[in-house]
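Novice: Going line by line, the protein sequences match chains A and B. Take 1 as the starting number for the first sequence in the numbering used here and just add one per residue. Take 1 as the starting number for the second sequence in the numbering used here and just add one per residue.
Incorrect hints may appear among the rest.
Stated by the list, open to error - Stretch-level coverage of chain A by chain B, calculated; a stretch enters the list once three of its residues show a Cβ under 8 Å from a Cβ in chain B:
#, stretch
1, 23-37
2, 46-59
3, 78-86
To be verified - Which residues of chain A face chain B? A few of them, derived with a C-beta cut under 10 Å, are:
#, residue
4, 16
5, 41
6, 91
7, 103
Quick caveat, the hints were computed from the structure, so don't treat them as lab data. Because the structure is a prediction, the values reported are computed rather than measured. A virtual CB, placed ideally from N, CA and C, is assigned to each residue, including glycine.
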Amino acid sequence: AQSVTQPDIHITVSEGASLELRCNYSYGATPYLFWYVQSPGQGLQLLLKYFSGDTLVQGIKGFEAEFKRSQSSFNLRKPSVHWSDAAEYFCAVGLNYGGSQGNLIFGKGTKLSVKP
Amino acid sequence: DTGVSQDPRHKITKRGQNVTFRCDPISEHNRLYWYRQTLGQGPEFLTYFQNEAQLEKSRLLSDRFSAERPKGSFSTLEIQRTEQGDSAMYLCASRPRTSGYNEQFFGPGTRLTVL
Chain A
1 AQSVTQPDIH ITVSEGASLE LRCNYSYGAT PYLFWYVQSP GQGLQLLLKY
51 FSGDTLVQGI KGFEAEFKRS QSSFNLRKPS VHWSDAAEYF CAVGLNYGGS
101 QGNLIFGKGT KLSVKP
Chain B
1 DTGVSQDPRH KITKRGQNVT FRCDPISEHN RLYWYRQTLG QGPEFLTYFQ
51 NEAQLEKSRL LSDRFSAERP KGSFSTLEIQ RTEQGDSAMY LCASRPRTSG
101 YNEQFFGPGT RLTVL
C-alpha cells in the first residue's frame, strides 16, 4: 500500500542554521511528490513538487528537495532557516494509477521550531 | 484573491447536531477534494469531485457524511448526528483541469469542535 513516512515528529534548529526534513515513501509507480507547509490554524501551502526530470527541485521561500529513487526519499532542505519558517511540514505523494483520482497521501508531518 | 475559500473557519457544535461546510474552489479548477486532518496527523482523503460528479469516496466517509457539488462550482460537506470523533480540521483543495500531476491548492480549512 502507498504510504509516506516522516521519521521526525519535531525538529528544533537555530536561526541561520541549515535544515533537512526527511521523507520516505512507498509507492508502486513513478511518484508525484510534494512538500506542503502549514502554519498554526491554517491550510496547506505548496512549497515544491517533483514530477519528473531533474531530481533536485527548487521551491518557494528558499526551499529545495532532492528525489532519490534508490532510497525512496524526497528530503526537504534549506541552507539558512529564518524564524518565520517555524511551522509544520508535510510530505505527500500523489496517486496516479490504479483508478485513483489523484488524491494525496500525506505523512504525519514534522513540526519545525526555530531558536533565536 | 482568487484562492480556495472555506466557510465557516470555525464551528463548535453539540454532539448529535448536523453541520454543513462550504468550499469555493479556484474558479477555473474543475476538480475538488475534501480531506480531514486530526490533531498530530497529516490530512486524510475523504472524497473527490470532477465537475459535479462525485467520483471517489474514502472508507473514512461514513454514511453520516455527505458531499455535493451541484453545479460543478462550490461544494458542501455535511455531517449528520455529529460525534466527538468528528472533531477535526476539514480541508478543501482544488486542482486545475490541465494538471496531470495531482497538484492541489488548499483552502484555510474549517475547524470543527464537537462538544
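Novice: Taking the earlier hints as the rules, which of them does this structure contradict?
Specialist: 3, 4
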